[in-house]
Amino acid sequence: MKTIHKPIYILALMITALISCKTELNYDFELEQPKLVVNGKLIADSAIEIRVTRSMNLLELQFDKYLTNAVVKLYENNTLLGIATHRKAGYYYLENKVKANTNYRIEVSCAGFESVWAETFVPNYLQEILVDTIPVVTDYGYTALQLELTIHDELTETNYYDFFVTDRPKMYYDFEARDSIIVHPKIYLESNDNSIITNINESEVLITDKLFNGGTKRIRFWAFLPSNDYAYFNLAHISESLYKFLTDLEAYDKAKENPLAEQNTVFSNINGGYGIFGGAAIKTDSIYFKEQPFKK
Numbered sequence: 703m704k705t706i707h708k709p710i711y712i713l714a715l716m717i718t719a720l721i722s723c724k725t726e727l728n729y730d731f732e733l734e735q736p737k738l739v740v741n742g743k744l745i746a747d748s749a750i751e752i753r754v755t756r757s758m759n760l761l762e763l764q765f766d767k768y769l770t771n772a773v774v775k776l777y778e779n780n781t782l783l784g785i786a787t788h789r790k791a792g793y794y795y796l797e798n799k800v801k802a803n804t805n806y807r808i809e810v811s812c813a814g815f816e817s818v819w820a821e822t823f824v825p826n827y828l829q830e831i832l833v834d835t836i837p838v839v840t841d842y843g844y845t846a847l848q849l850e851l852t853i854h855d856e857l858t859e860t861n862y863y864d865f866f867v868t869d870r871p872k873m874y875y876d877f878e879a880r881d882s883i884i885v886h887p888k889i890y891l892e893s894n895d896n897s898i899i900t901n902i903n904e905s906e907v908l909i910t911d912k913l914f915n916g917g918t919k920r921i922r923f924w925a926f927l928p929s930n931d932y933a934y935f936n937l938a939h940i941s942e943s944l945y946k947f948l949t950d951l952e953a954y955d956k957a958k959e960n961p962l963a964e965q966n967t968v969f970s971n972i973n974g975g976y977g978i979f980g981g982a983a984i985k986t987d988s989i990y991f992k993e994q995p996f997k998k
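Per our numbering, numbering through the sequence shown is continuous, rising by one, with the last residue being 998.
By construction, these hints were calculated from the structure, which means they are not laboratory data.
Source: prediction; values computed, not measured.
Positions of the beta carbon are idealized from the N, C-alpha and C atoms, including for glycine.
Treat the hints with care, as some may be off.
[What the hints assert, rightly or not] With a cut-off of at most 35 Å between alpha-carbon atoms, the simulated DSBU-like pairs for lysine-lysine come out as follows:
1) K958 x K912
2) K946 x K801
3) K888 x K946
4) K912 x K790
5) K872 x K767
6) K919 x K767
7) K790 x K888
8) K919 x K775
9) K737 x K956
10) K919 x K888
11) K790 x K919
12) K872 x K801
13) K985 x K872
14) K956 x K919
15) K888 x K956
16) K801 x K775
17) K888 x K775
18) K912 x K767
19) K801 x K767
20) K958 x K737
21) K958 x K919
22) K790 x K956
23) K737 x K919
24) K775 x K985
25) K767 x K888
26) K801 x K919
27) K872 x K799
[To be verified] Per label pair, the in silico range of CB-to-CB distance:
28) N903 x M758: 34 to 42 Å
29) K790 x P871: 38 to 46 Å
30) Y890 x N803: 28 to 36 Å
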């Protein structure tokens, strides 16, 4: 009988080498300590909703990053308005209605984190929202709604606007918040006007008055609506902080789609943490199409 020793010897050496292998990963950076992330958009004549979560470093595997034990204080024109109550999934609520043309301050503290704060201004309502509509057929045979938005701008330092068109409200279940929420789906918008700085997801247009400060501006859009009988036009007068955040966030999202693009940072006005605390006063108008012009 022939005994083969060589293959067994080689296999033993391989196993020994694998067992004795030890890989060391050396990081040339310090892992940042988690910070509070506060996101709140104060909308005039609406109750206050604030989301409090925590930042995460690259090595963390924790998925539930929202915080349920934070203390969230709101101030209105330097007077304590109240302490927001946590309901679920890091959402804190205060039933007081937000006032237009008012300054607000938020202070958030939570055990194990550095306290944070931010200030914002909720602008005035615009006097009215003027939108002229004409159903048109595009060069590609699609039916669209031609909109002409008229803005009567106030003569101030700088104003920021957010224009979007929404469909009928729909109800969805938010698995993270574990609750049903009402969503107003935004409609695709297109425009070539040079006053438009950013078109978020091709459905939410950010505008500044740098080219028409104190004047009247007409901007033409094309909206591609579903076959529906209602459309809702929304023009928000927004704070500078919210404008900067939305502009940077859209640029950041687009850069992620391009591996060669330089990644930019997203604006935050949360001192000591991350997130955004902004304000808006929204004017809404609706139009009813008796004959539903979008159906072929």
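Hint-by-hint comparison with the structure:
Distance restraint check for K958 and K912: the Cα-Cα separation of roughly 29 Å lies within the 35 Å cut-off, and the hinted pair is therefore satisfied. Taken as a hint, the K946 and K801 pair is honoured in the structure, with Cα atoms around 22 Å apart against an allowance of 35 Å. For a cut-off of 35 Å, the pair hint linking K888 to K946 stands: about 21 Å separates their Cα positions. Among the hinted pairs, K912 with K790 is inconsistent with the structure: their alpha-carbon atoms are about 41 Å apart, more than 35 Å.
Among the hinted pairs, K872 with K767 is consistent with the structure: their alpha-carbon atoms are about 27 Å apart, no more than 35 Å. Distance check on the hinted pair: K919 and K767 sit about 44 Å apart at the alpha-carbon level, beyond 35 Å; violated. In summary, the hint linking K790 to K888 is supported, as the alpha carbons are separated by about 26 Å, within the 35 Å threshold. At roughly 39 Å between alpha-carbon atoms, K919 and K775 are farther apart than 35 Å, so this suggested pair is violated.
Restraint check for K737 and K956: the C-alpha separation of about 25 Å stays at or below 35 Å, so the hint holds. A distance of roughly 23 Å separates the Cα atoms of K919 and K888; the hinted pair therefore holds under the 35 Å criterion. Only pairs whose Cα atoms come within 35 Å are accepted, and K790 paired with K919 is rejected, the gap being roughly 43 Å. Between K872 and K801, the direct Cα distance comes to roughly 27 Å. Compliance with the 35 Å bound is thereby established for this hinted pair.
About 20 Å separates the Cα atoms of K985 and K872, which keeps this hinted pair within 35 Å; it holds. Straight-line distance between C-alpha atoms of K956 and K919 comes to about 28 Å, which keeps the hinted pair within the 35 Å bound. Between K888 and K956, the direct Cα distance comes to roughly 19 Å. Compliance with the 35 Å bound is thereby established for this hinted pair. Restraint check: the Cα-Cα separation between K801 and K775 comes to about 17 Å, which is no more than 35 Å; the hinted pair holds.
Restraint check: the Cα-Cα separation between K888 and K775 comes to about 32 Å, which is no more than 35 Å; the hinted pair holds. Using a Cα cut-off of 35 Å, the hinted pair K912 and K767 is violated, with the two alpha carbons roughly 39 Å apart. For the given pair, K801 sits about 31 Å from K767 by alpha-carbon distance, which is consistent with the 35 Å threshold. With a C-alpha separation of about 23 Å, the suggested pairing of K958 with K737 holds against the 35 Å cut-off.
Between the alpha carbons of K958 and K919 the distance comes to roughly 34 Å, so the proposed pair stays at or under 35 Å and holds. Between the alpha carbons of K790 and K956 the distance comes to roughly 31 Å, so the proposed pair stays at or under 35 Å and holds. A distance of roughly 42 Å separates the Cα atoms of K737 and K919; the hinted pair therefore is violated under the 35 Å criterion. Between K775 and K985 the CA atoms are separated by roughly 28 Å; this keeps the pair inside 35 Å, and the hint holds.
Among the hinted pairs, K767 with K888 is consistent with the structure: their alpha-carbon atoms are about 28 Å apart, no more than 35 Å. Of the supplied pair hints, the one linking K801 and K919 holds, its CA atoms being roughly 26 Å apart against a limit of 35 Å. With a C-alpha separation of about 24 Å, the suggested pairing of K872 with K799 holds against the 35 Å cut-off. About 25 Å separates the C-beta atoms of N903 and M758, a value inconsistent with the hinted range of 34 to 42 Å.
For the pair K790 and P871, the supplied restraint of 38 to 46 Å is violated, since their beta-carbon distance comes to about 21 Å. For Y890 paired with N803, a C-beta distance near 33 Å keeps the hint of 28 to 36 Å intact.
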